[in-house]
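Residue-level listing of the chains:
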Amino acid sequence: MNDAFDLRSSEMHIEVHKFHTGAILAALILALFFQAFVPVYFPRVAILDLPLLITIYFGLSRRNPSTGLLLGMAIGLVQDSLSGPTVPLGLYGIAKTVIGYLASSIGARLDTEHPAARFALTALFFGLHQGIIVLTRRILLAQPEPWFNVHLAIAAGINAIVAVFLFLLLDRLRKPS
Amino acid sequence: MVGIPSRHKSLVLLAGVVVLQVLLLAVQIRRDSQGRLIRVWTVGAVSPFERAGVYGVGRIRGTWNHYFALQNTSRDNEQLRRENDTLKMQIAQLQSKAAEADRLALLLNFHKSHEDVPMIGARVIGASAGTASQTIDLDRGERDGIRRNMGVITPDGVVGKVVEAYQGTSQVLLLTDKDSGVGAMLADSRIQSPVGGTGEPLLTMKYVANDDTVNIGQRVVTSGMDRIFPRDLPVGTVAEIKSGNPFKMIRVRPAANLERLEEVIVLLTLRPLELKKESAPANPQSAAAPSPAANAAGPSQAAKP
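Residue numbers (this note's numbering), protein chains in the order written: chain A, 1097 to 1273; chain B, 209 to 513.
Calculated from the structure, these hints are not laboratory results.
For clarity, every value in this text was computed on a predicted model and none was experimentally measured.
There are no misleading hints in this set.
Below 25 Å or equal to it, Euclidean Cα-Cα: the simulated SDA-like pairs (lysine to any residue) are: (1) B:K217 x A:S1162; (2) A:K1114 x B:K217; (3) B:K217 x A:L1224; (4) B:K217 x A:N1160; (5) B:K217 x A:I1120; (6) A:K1114 x B:L221; (7) B:K217 x A:I1228; (8) B:K217 x A:T1163; (9) A:K1271 x A:A1212.
Kindly produce the complete structure, drawing on both the sequences and the hints.
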């Protein structure tokens, strides 16, 4: 398989990135570890959703919807597993599956390398991710959950800012084209 | 197999993955009092088909049973008709027995309330063969102590008197016979006048002067002057009043239902009787004894003025 190839189905020249072996898995494990253990000592860090950012990043980079949704599903299910008995398996899994699919689909059509685009897309996906979770809780689990509050808006902004820098860091894991 | 376009494969995969996770959620979640969510969903999804199936089977079975499988219906119908007829007959018999029990209870009560008066209950076993006379036949006769001119009553009122006594049966001339009569009086005003039969359902009270006040509905009771019946036994009620010359023409409706007699009481004495005042059906207002000469009086002599 080539390290990189071009999508030439459209006018736009969009590059599909490949990563070093184990890079995705390592990034995923680190993100989950960070999400699971760092908030124990720094509770405010819990506002970050690093597994979501990882899902968005690799979805945008890989630009393959099937790969993106499966990656999102895997990350979400692991996050569910680490979230304790109050979170049923599938809650984050569904949300991140959809986000992975959408990120991959959008990444295949748009240039998402620009920091501004990454900021906007991350904020958008964060809101959408939260919306799917609320929808799942309300409809499937019959659990009351607010659709939106200021905390979520702040969290979306912070995650988007963090994503800009995190994605630059993750760009270093790419194989050179 | 219909192939899925490559551009839709990821969408199908997405749908499949999401559905799988939704099912995974459903398996884990337990709804209060409804069990696991997957069970709730499964039941909710399956129950409409079950209901539809039961409804459809019921319709088919009903259609089959009501329109096609009718080979036994005629026989069943006939059997049910027979059972229905039998049951109707049984109901009629039971109703008849119940009515008879009521009547006998009345007679028994009457007899108990006048234990000092010799009397015997008798069953009506026949009636006059023609319309020329109004008589009934009783299943009691001379060997039961019944003699001619004995009074016959029911708890409702006077019936008539014995005109013939045979060994085991007796014949009673009803009040409605045109040759019958009883000494009577108006219960309120105590105006006396014999009451006689006309051959019709109503009796007639002939000798009440035009100056006397009589109202419709007034009670007519025995006066005891015929020396057959004790005083104050109900005879009937005034039904019609017409002026006459010199007497009113008064029609009296009999107190006893003389057209449907089944059991009666025969007063087993030819001596003057005195009934207690508290006798409810007869309800005499006073209890004066008639003349002792009643023994010698024949039916017509005693009845007719």
